[in-house]
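Engineer: Here is how the chains run, residue by residue.
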Amino acid sequence: MSIDLSQFHAVFFEESFEGLDVMENALLELQPENPDSELINSIFRSAHSIKGGSGTFGFISISEFTHILETLLDKIREGEEQLDADSVELFLQSVDCMRTMLEALQAETEPDTTRADQLAIMFQSILTGASAAEAKGLDVPATGASPVIQESVLPGSDSIPDSLAGFHIEFTPEADMLKGGNDPVRMMRELATLGELTSTPDTGALPTLRDMQPDVVYLNWCMDLHGDMPLEDVQEVFEWVEGECDLSISRLGGSADSAPEVMPSNVAEAVDHAPDGTSTAATKTKADEQESAKPIPDAPKTASPAKPAPAPAARAGKAESSSIRVGIDKVDSLINLVGELVITQSMLGQMGGSGEVITDDHIGNLREGLVQLEQNTRELQDSVMRIRMLPISFAFNRFPRMVRDLSLQLGKKVRLELRGEQTELDKTVMEKINDPLVHLVRNAMDHGIESPNVRADQGKDETGTIVLNAFHQGGNIIIEMIDDGGGIDADKLVAKARANGIVGDNEQLNQEQKLDLLFAPGLSTVEQVSDLSGRGVGMDVVRRNIQELNGSVDIDTELGKGTTFRIRLPLTLAILDGQLVTVAGQTYIFPLMSISESLQIDEKLVNNVAGGGDVYNLRDEYIPILSLDSIFGLRTEPLSYDQSLLVVVEAEGMKVSVVVDDLMAQQQVVIKSLEDNYTRVPGVSGATILGDGTVAMILDVAGLIGLAGNQKTMAAGEIAGSAA
Amino acid sequence: MDNVQQDKVPAVAAQAASMVDTINQEGFQDLQQFLTFVMEGEEYGIDILNVQEIRGWDNVAPIPNAPAHVSGVINLRGAIVPVIDLRVMFAFNEARYDENTVVIVLKVESQRVNRIMGVVVDAVSDVFSLSEEDKRPPPNVNQNISQNYINGLTEVKGKMVILLDCEKLLDIENH
Amino acid sequence: MTKILAVDDSASMRQMVVFTLQSAGYEVVEASDGLLALDAAKSGHFDLVLTDVNMPNMDGIALVRELRQLEAYKYTPILMLTTETAGDRKMAGRSAGATGWVVKPFNPDKLLATIKKVIG
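Residue numbers (this note's numbering), protein chains in the order written: chain W, 4 to 727; chain X, 13 to 187; chain V, -15 to 104.
Simulated from the structure, these hints should not be mistaken for lab results.
Keep in mind that a hint or two might mislead.
Said to hold, decoys possible - Covered stretches of chain V (in silico footprint by chain W; criterion: 3 or more residues with CB under 8 Å from a CB of chain W, positions within the stretch not fixed): (1) 3 to 14; (2) 32 to 45; (3) 54 to 67.
Claimed, not checked - Calculated Cβ distances over 10 Å to all of chain W for the following chain V residues: (4) Met(-15); (5) Thr(-14); (6) Asp23; (7) Ser27; (8) His29.
Glycine included, each C-beta is placed from N, C-alpha and C at the ideal position.
With the rest of the complex left out, here is chain W (with noise of 0.2 Å):
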């Protein structure tokens, strides 16, 4: 039966790459000098389960590398090696490798087994003697070597000629070989698969029946073995036994010179043995390579060569996998919550049966039933976003590892506490939020966190802190980046706004404006844009990113002191809280978290600017009065100032207002793509279904401002234009 065993690859990759992290965790609490045991074994453990898993379903390059990282674990771990620094350094250099192998190998194409190659023949040196220290030193060329790892192939048993019919086999199990649930009868049976048997037990030592003891084996056999089958499969048959019997092979009908195969019944011995062409040794060794041996053909290789490469879709199939593991416990409050909803679901519908007349006592027993069932869609719906939702540590999970590389990498003292890793969210989201939080660690560490000397000098502790803080908040998930390096200096940030143009020389900033130019695009305070943190990937883009989860993010910082960034999520993607607002007679919806206040408007305080649009005086700030009849074409006559109402909303680090007819209620709206069936509209976000059925679109704060930005552009064209 052939079954495919590509099926269970996915379940391979996960536990794999879990088991990477596993390892990296326990590599990093390691102290060298005094490793604690348990945490060998689990490092172990991992290693050892990759490296059966990879080698079952046919990955040899990654089972071939763990192999030889088994191999000295498992020497560390019965103390026969040591561990230092630098072979904990070699090991998490390993993780790495492994990790990029697995996600090759999971994309479907075939690893660079380059860097394994080279740690491989570290590690073998290691195990030769060299010190880990020395190992890394080690000037390995990249040339693909395969490591010096071999089953050292012994001369077999090939010599001996085919004419041969068969083998004499004496076998006495010793009398408690039973206890090891193995049986004699069981051995034949197989001896006669193999060819023709016949045997004769010898009764010499049977005790009388009240003597007999069921479990202990009184007889011995004498059997001929006719046929052509090699000494190996022969010997098979009886491997499990050894050193519970007494075990003689020999060919039939042999010549003087071929000696009997003894299969001593003790290990050590036979490996004493001087290998010649049939010494036990050398057979007994090749029937062992012969079962584990056996190629197994890497499975990426099977596949079709001309697969390219998908290099992003490598990185998509590990950050954005398509499967959630969820708690059985959160799969049973479903289950329950699904439970009530039918009970409740069928008491209205006894209420409302057909053909009956729904009385005043009815009335009052149907409020209570639809009430109950608001109850019951409400836990159900907030069971079932749980669902989605894992703890924040899987995100949190690559900063130690990061922290570290990188202190050692900028020669800083730094150290990673993590707050909250329990807090849970969305899975789309945390996956979404890994880049921005990333690019904002790497910055406190490039550019907050300062060199252990100036942080002395400055009465600091010589090691900088950076905690990583996760908490639930009124429905919302706040993450906090907090470091005590020296803080952002939000004069010199108007500077350089200044010298870039994208501040005016006389503009005046408060500080929150001033420190919003930190996500202005292009700007660097850095002389020189180190590579970390100058990646192409700016804190405009990270601010972007947050945004488009309908999160914010705001800085508070101390000079001197450090800086915290506070970033606001919201639990879940599909589901927004909002704010209902109608406009010429149609609803729209601003996400709550966009809007700063909401206000009557006072017409005093509208003032017009040349060309541009009508921008309104809030407390001495002029923001732009934004009109969605225009940017959307409503009404060509809308409602006077006076008749409507100011919401003030942010995006994009731009105050605005839009203009509404009326407020409407807050409520949360379950978002739906527009792009589904249509296309992306701008200024719009999505769409939703109303209470009463009807559809209302979800305003883009940022998309608005483009609009209104473009139309202004347009008609000062056309404005020129007619003056021309």
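Place chains X and V on chain W using the hints.
Structural biologist: Same frame as chain W, but now just chains X and V:
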């Protein structure tokens, strides 16, 4: 095999042969079914395999800054489905919306186009079967309707029916 | 119906073994470590036990030892899933009372052939 009465075989064979003839003649394998509808007095037809359902005219939420022929979106059992007014798209006279106005919900699943969309028409007529032979190539006459959307012409019960290409109709990006 | 207890801390290995055995008509119960396996063994009646060696909470060798203490499992065939390098593990398993072993990596056919040898 021994039990088959030899003398019956020729008769069975002949019957089978005549059935095959009939099938070939009527072109069963080529038959397509079309839903026909009316706009400005003209009959149009679309492949019934693309028709998901037929609804009356209902509340449509306008899409900001959408082209004139896009009426807006409706709530189709929880899905947001756009509705285009074919009468506007084919540049007929002012469109009217009354009790008879009908929205045909079309569904196209091809490589290029994969969506559900509603089209507004005056009224729905009937369903007809047509084979390839019944279809004639589109003429170059009617300047109102872009040639792109027409698959061909046919005649049913004495009336000319203009066959429309659903995939192109639903290919909003390329209107 | 022949019942087999399959023990391995690797989910992908368990899945593969369970699938293979079930396809061959055996009834299979799985466990992810020695402790859970011991519980399962006590409450079920298994004709064969397949176990990995390296597992958290209770490893394969300890499991074999514990099983042999139980009256019901004194002679039940117990096979260890072991890698070819772990020669001493094989011996340790044997002295704990294991019947034999299946060498990793193995393919499904090899597994079934070995099981057939033991329980037919």
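Engineer: The structure should be examined with respect to each hint, and the outcome stated for every one.
Structural biologist: The hints, checked one at a time:
no. : hint     : result
1   : 3 to 14  : holds (count 4)
2   : 32 to 45 : holds (count 4)
3   : 54 to 67 : holds (count 7)
4   : Met(-15) : holds, 18 Å
5   : Thr(-14) : holds, 15 Å
6   : Asp23    : holds, 18 Å
7   : Ser27    : holds, 20 Å
8   : His29    : holds, 15 Å
The structure agrees with every numbered hint stated previously.
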